[in-house]
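J.: Residue 484 is where the sequence shown ends in the UniProt record's numbering, and the numbering goes up by one at each step.
Just so you know, these hints were derived from the structure itself, not from any lab. Ideal placement from N, C-alpha and C gives every residue a C-beta, glycine not left out. One should not assume that every hint holds.
Computed spacing ranges between beta-carbons, pair by pair [said to hold, decoys possible]:
| # | residue 1 | residue 2 | range |
| --- | --- | --- | --- |
| 1 | ILE27 | VAL101 | 16 to 26 Å |
| 2 | LYS336 | ASN370 | 27 to 37 Å |
| 3 | VAL101 | VAL186 | 16 to 26 Å |
| 4 | LYS216 | PHE267 | 44 to 54 Å |
| 5 | ILE27 | TRP288 | 52 to 62 Å |
| 6 | VAL271 | GLN35 | 36 to 46 Å |
| 7 | LEU119 | ILE378 | 28 to 38 Å |
| 8 | PRO377 | ALA268 | 38 to 48 Å |
Quick list of in silico lysine to any residue cross-link-like pairs, SDA-like style, CA-CA up to 25 Å [said to hold, decoys possible]:
| # | residue 1 | residue 2 |
| --- | --- | --- |
| 9 | LYS189 | ASP337 |
| 10 | LYS90 | LEU24 |
| 11 | LYS90 | LEU372 |
| 12 | LYS336 | GLY92 |
| 13 | LYS90 | THR457 |
| 14 | LYS106 | THR253 |
| 15 | LYS189 | ILE476 |
| 16 | LYS216 | LYS189 |
| 17 | LYS255 | ASP239 |
| 18 | LYS36 | LEU372 |
| 19 | LYS36 | ILE17 |
| 20 | LYS286 | VAL272 |
| 21 | LYS216 | GLU109 |
| 22 | LYS216 | LYS257 |
| 23 | LYS48 | SER58 |
| 24 | LYS90 | SER340 |
| 25 | LYS36 | LEU24 |
| 26 | LYS255 | GLU326 |
| 27 | LYS220 | SER243 |
| 28 | LYS336 | PHE242 |
| 29 | LYS220 | GLU326 |
| 30 | LYS48 | ASP337 |
| 31 | LYS257 | MET270 |
| 32 | LYS48 | ASN414 |
| 33 | LYS225 | THR457 |
| 34 | LYS336 | SER58 |
| 35 | LYS255 | THR323 |
| 36 | LYS90 | MET307 |
| 37 | LYS222 | PRO114 |
| 38 | LYS36 | ALA290 |
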Amino acid sequence: MANKQQKEKKSLSSFSILFIILILLTIVSWIFSGQKFSPTVPAGGTEKVNHVVGARLSDLVMSPFNGFRDAIDICVFVLILGGFLNIVTKTGALEAGIQHVVRRLKGNELVLIPILMFLFSIGGSTYGMSEETIPFYSLLAVTMVASGFDTIVSAATVMLGAGAGVIGSTINPFATGVAMDALKSVHIKPDTSIILMIGVVLWLVTTGYCIFYVMKYARKVKADKGSTILSLQEQEDMDTSFSQPETKEIAFTNKRKLILTIFAFAFAIMVVALIPWESFNVTIFKGWTAFLTGQSFGNWYFGDLAMWFFLISLIISIIYGLTENEIVETFIVGSKDILSVVLIIVVARGASIIMQTTHLDLFILDRSANILQGFSPILFVIGAYILYLFLSILIPSTSGLAYVSIPVMGALANHIGLNASVMIMIFTAGCGLINLITPTSGVVMGGLQMSKIDYSTWMKFMIKPLVIIGISNLIILIISILLV
Numbered sequence: 001m002a003n004k005q006q007k008e009k010k011s012l013s014s015f016s017i018l019f020i021i022l023i024l025l026t027i028v029s030w031i032f033s034g035q036k037f038s039p040t041v042p043a044g045g046t047e048k049v050n051h052v053v054g055a056r057l058s059d060l061v062m063s064p065f066n067g068f069r070d071a072i073d074i075c076v077f078v079l080i081l082g083g084f085l086n087i088v089t090k091t092g093a094l095e096a097g098i099q100h101v102v103r104r105l106k107g108n109e110l111v112l113i114p115i116l117m118f119l120f121s122i123g124g125s126t127y128g129m130s131e132e133t134i135p136f137y138s139l140l141a142v143t144m145v146a147s148g149f150d151t152i153v154s155a156a157t158v159m160l161g162a163g164a165g166v167i168g169s170t171i172n173p174f175a176t177g178v179a180m181d182a183l184k185s186v187h188i189k190p191d192t193s194i195i196l197m198i199g200v201v202l203w204l205v206t207t208g209y210c211i212f213y214v215m216k217y218a219r220k221v222k223a224d225k226g227s228t229i230l231s232l233q234e235q236e237d238m239d240t241s242f243s244q245p246e247t248k249e250i251a252f253t254n255k256r257k258l259i260l261t262i263f264a265f266a267f268a269i270m271v272v273a274l275i276p277w278e279s280f281n282v283t284i285f286k287g288w289t290a291f292l293t294g295q296s297f298g299n300w301y302f303g304d305l306a307m308w309f310f311l312i313s314l315i316i317s318i319i320y321g322l323t324e325n326e327i328v329e330t331f332i333v334g335s336k337d338i339l340s341v342v343l344i345i346v347v348a349r350g351a352s353i354i355m356q357t358t359h360l361d362l363f364i365l366d367r368s369a370n371i372l373q374g375f376s377p378i379l380f381v382i383g384a385y386i387l388y389l390f391l392s393i394l395i396p397s398t399s400g401l402a403y404v405s406i407p408v409m410g411a412l413a414n415h416i417g418l419n420a421s422v423m424i425m426i427f428t429a430g431c432g433l434i435n436l437i438t439p440t441s442g443v444v445m446g447g448l449q450m451s452k453i454d455y456s457t458w459m460k461f462m463i464k465p466l467v468i469i470g471i472s473n474l475i476i477l478i479i480s481i482l483l484v
């Protein structure tokens, strides 16, 4: 009985957690107001700043709105994606396809996990797949629940899959690419071969462990539904949102097969359009692919993606024969259902803006760098890794954190005789690890919201992998700094 009551206990909502963080950041900025640090040009700024500025009440009040303004592109993308997914759901193609897959995999559903996680990890390592994973949380939730798993399995497949790839970034332009550019700004030439070598090792080790951990949990849940770590309320939400009536079987007609093919094609184009081909000297897509949005594949961003999925929504609606009223109503309902995710992204981005406007991020970086100067190589790696874990909570954007920190940390590593290229991988590993759990990340909180999982439940699931991934990362990075 006590255990049942404990499981029924309701934890703080994602919104409450984020608003508490906003208030705490504001108070901390008051405490450190006026504190000096080395003059630095903040990311996206033009003038040097050298002290902490206390947040005004208006900064706190306006932070969600400023967060929306800063994240308008991804917010519109997510809203349109919600409409798109509801259009596809309306046709019954998605449900029929899932039923078909589950029937084909009967008894072998576990094979989905390593395949999907490996694919997500490739996306994370090569182009920093993060916000682009948001639509997959609800899609995989339906599939995994139908296969006998829970929503922890579906969320972990996406988040740990893509996250493991980001930790082992190889050619990720938003992590290693930006960091290499930032290192050049202080006249230090990064060694691409070292970055690739360490990245591949981090990627394979982290992805391998994450697959093992998720499969172990999934196997346990499939064998015994009572072993889930979801609370009773979360289990009810899972059943309401993602379970399909066993007696309801939808025919997998040729029309639905065509719609699913277009559905898969839409996501394939999203992946191809986001990879920065020109940075790899691949020019095959240049020019001719710009006819649709004005941007060639490789230069697309969330605005282009939003209009792409809107167009595909119309095409699928016409193929299925929906009326004009049905199209509009279905699309709006889908966008409404995903509005909570958009609001979470907005508030999470507001926390990052508070950090930037008060310069707390630069103050913490400066003080930490001064402390690390006298450390031995091994202690320096450990200290820098821990620093990036903390900084990544304050600045969840990998590119933003790279521009702010790498000129300082890379120069510091070079000054004490260490290879500055290894610092880039310390940055990507630390940033990638904490972005699996940080509440200031719109992807983490938005993904959990779509999966109907409380943040506290996710943290409970993530304690063990955080420790093991962190220790394995440190071992790899320490060996790297000693060898190169």
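J.: State for each hint whether it applies.
T.: Verification of the supplied hints:
no. : hint                         : in the structure
1   : ILE27 to VAL101: 16 to 26 Å  : 50 Å, violated
2   : LYS336 to ASN370: 27 to 37 Å : 50 Å, violated
3   : VAL101 to VAL186: 16 to 26 Å : 51 Å, violated
4   : LYS216 to PHE267: 44 to 54 Å : 28 Å, violated
5   : ILE27 to TRP288: 52 to 62 Å  : 54 Å, holds
6   : VAL271 to GLN35: 36 to 46 Å  : 44 Å, holds
7   : LEU119 to ILE378: 28 to 38 Å : 35 Å, holds
8   : PRO377 to ALA268: 38 to 48 Å : 44 Å, holds
9   : LYS189 to ASP337             : 48 Å, violated
10  : LYS90 to LEU24               : 43 Å, violated
11  : LYS90 to LEU372              : 57 Å, violated
12  : LYS336 to GLY92              : 20 Å, holds
13  : LYS90 to THR457              : 31 Å, violated
14  : LYS106 to THR253             : 21 Å, holds
15  : LYS189 to ILE476             : 22 Å, holds
16  : LYS216 to LYS189             : 43 Å, violated
17  : LYS255 to ASP239             : 28 Å, violated
18  : LYS36 to LEU372              : 18 Å, holds
19  : LYS36 to ILE17               : 30 Å, violated
20  : LYS286 to VAL272             : 12 Å, holds
21  : LYS216 to GLU109             : 13 Å, holds
22  : LYS216 to LYS257             : 33 Å, violated
23  : LYS48 to SER58               : 24 Å, holds
24  : LYS90 to SER340              : 21 Å, holds
25  : LYS36 to LEU24               : 21 Å, holds
26  : LYS255 to GLU326             : 18 Å, holds
27  : LYS220 to SER243             : 19 Å, holds
28  : LYS336 to PHE242             : 17 Å, holds
29  : LYS220 to GLU326             : 42 Å, violated
30  : LYS48 to ASP337              : 43 Å, violated
31  : LYS257 to MET270             : 20 Å, holds
32  : LYS48 to ASN414              : 23 Å, holds
33  : LYS225 to THR457             : 16 Å, holds
34  : LYS336 to SER58              : 29 Å, violated
35  : LYS255 to THR323             : 17 Å, holds
36  : LYS90 to MET307              : 20 Å, holds
37  : LYS222 to PRO114             : 16 Å, holds
38  : LYS36 to ALA290              : 48 Å, violated
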